[in-house]
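Asks: Sequence lines, in order, name chains A and B.
Residue numbering for the first sequence follows my numbering, beginning at 1 and increasing consecutively.
Residue numbering for the second sequence follows my numbering, beginning at 1 and increasing consecutively.
Don't read these hints as lab results, they were simulated from the structure.
The structure presented is a predicted model; accordingly, all values stated were derived computationally and were not measured.
Careful, some of the hints might be misleading.
Unchecked claim - In silico BS3-like links for lysine-lysine, alpha-carbon gap of 27 Å or less:
#1 B:68 x B:53
#2 A:18 x A:71
#3 A:3 x B:54
#4 A:18 x A:57
#5 B:55 x A:3
#6 B:54 x B:68
To be verified - Just the calculated beta-carbon pair ranges, DEER-fashion:
#7 B:96 x A:18: 21 to 31 Å
#8 B:12 x A:79: 24 to 34 Å
#9 A:39 x B:14: 21 to 31 Å
Heads up, the beta-carbon is just placed ideally off N, CA and C, and yes, glycines get one too.
What follows is each chain in one-letter form.
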Amino acid sequence: DVKVTQSSRYLVKRTGEKVFLECVQDMDHENMFWYRQDPGLGLRLIYFSYDVKMKEKGDIPEGYSVSREKKERFSLILESASTNQTSMYLCASSLDHYNEQFFGPGTRLTVL
Amino acid sequence: KNEVEQSPQNLTAQEGEFITINCSYSVGISALHWLQQHPGGGIVSLFMLSSGKKKHGRLIATINIQEKHSSLHITASHPRDSAVYICAVRSNTGNQFYFGTGTSLTVIP
Numbered sequence: 001d002v003k004v005t006q007s008s009r010y011l012v013k014r015t016g017e018k019v020f021l022e023c024v025q026d027m028d029h030e031n032m033f034w035y036r037q038d039p040g041l042g043l044r045l046i047y048f049s050y051d052v053k054m055k056e057k058g059d060i061p062e063g064y065s066v067s068r069e070k071k072e073r074f075s076l077i078l079e080s081a082s083t084n085q086t087s088m089y090l091c092a093s094s095l096d097h098y099n100e101q102f103f104g105p106g107t108r109l110t111v112l
Numbered sequence: 001k002n003e004v005e006q007s008p009q010n011l012t013a014q015e016g017e018f019i020t021i022n023c024s025y026s027v028g029i030s031a032l033h034w035l036q037q038h039p040g041g042g043i044v045s046l047f048m049l050s051s052g053k054k055k056h057g058r059l060i061a062t063i064n065i066q067e068k069h070s071s072l073h074i075t076a077s078h079p080r081d082s083a084v085y086i087c088a089v090r091s092n093t094g095n096q097f098y099f100g101t102g103t104s105l106t107v108i109p
C-alpha cells in the first residue's frame, strides 16, 4: 500500500513565524502535490513537483514556497505565516501524470 | 468560474437508500477521479475513470465524455458511507487538476 505521511496532524503558529510542513511518500512516486482545503472552496493546488529539485506553481502559490531535495520528500514552507493561511493542508503523490493521486492525512494549521 | 461542479452540495439519506452524486466539468479531460473524505480524515481515491463505468462493492461510477458528466452511485447506503465525496478531473492539455467543492453525504440509521 502506498503511504503518504505528513509531519503533523495539527499545528498552531503565530503570525510572522516561518512554518515547515513535511510530506513523505514511500512508493518512489515521481509527482508530489501540496493542496489547501477550505470550506466552500474545495481543494486548491499550491505547488507540485514532478521530479527532484523541480517545482511548478499551482493556482495559489503566493505566500508559499516548496522544496524537493529528495524524491520521497516534499516540503511546503510558509515564509511568514499569516492568519489567512489558516487551513487544512494536504499532500499527495502519484506515480506519474497518468495515475491516481494518493493523499496524506492532512495538517490542520491555525495561524494566530 | 469552477471547472468542476458537483450536485448536490449536501445530501441526507436514510440507510438503505440508493444515492446519486453528480459531477459536471467544462474542460477536456484525460481522467476523472472520485475521492472520499471522512470527517477529520485524509482523502481516499475511490475511482479513476476515463470512459464507461466502474464498480467496486456498492459503489458505481459512470462517465459520459460527450456530455462531460459523471455520476457516483451508492447502492444500499450505510451510515459508514457518510463522508464528503469529491470529483476531480485531470486536464488533457497539461498537468492541471481541477476539483469540485464536494458533496457532503449523511446517511441516517
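Asks: Each hint needs a verdict: does it hold in this structure or not?
Replies: Do the hints match the structure? See the list:
The straight-line distance between the Cα atoms of residue 68 of chain B and residue 53 of chain B is roughly 14 Å, inside the 27 Å bound, and the hint therefore holds. The suggested pairing of residue 18 of chain A with residue 71 of chain A holds, with an alpha-carbon distance near 23 Å, which does not exceed 27 Å. Among the hinted pairs, residue 3 of chain A with residue 54 of chain B is consistent with the structure: their alpha-carbon atoms are about 24 Å apart, no more than 27 Å. At roughly 20 Å between alpha-carbon atoms, residue 18 of chain A and residue 57 of chain A fall within 27 Å of each other, so this suggested pair holds.
Distance restraint check for residue 55 of chain B and residue 3 of chain A: the Cα-Cα separation of roughly 24 Å lies within the 27 Å cut-off, and the hinted pair is therefore satisfied. Restraint check for residue 54 of chain B and residue 68 of chain B: satisfied, since their Cα atoms lie roughly 17 Å apart, inside the 27 Å limit. Residue 96 of chain B and residue 18 of chain A have their C-beta atoms about 29 Å apart, which keeps the hinted 21 to 31 Å range intact. Evaluation of the 24 to 34 Å hint for residue 12 of chain B and residue 79 of chain A yields a failure: the beta carbon distance comes to about 43 Å.
Between residue 39 of chain A and residue 14 of chain B the CB atoms are about 26 Å apart, so this pair conforms to the stated range of 21 to 31 Å.
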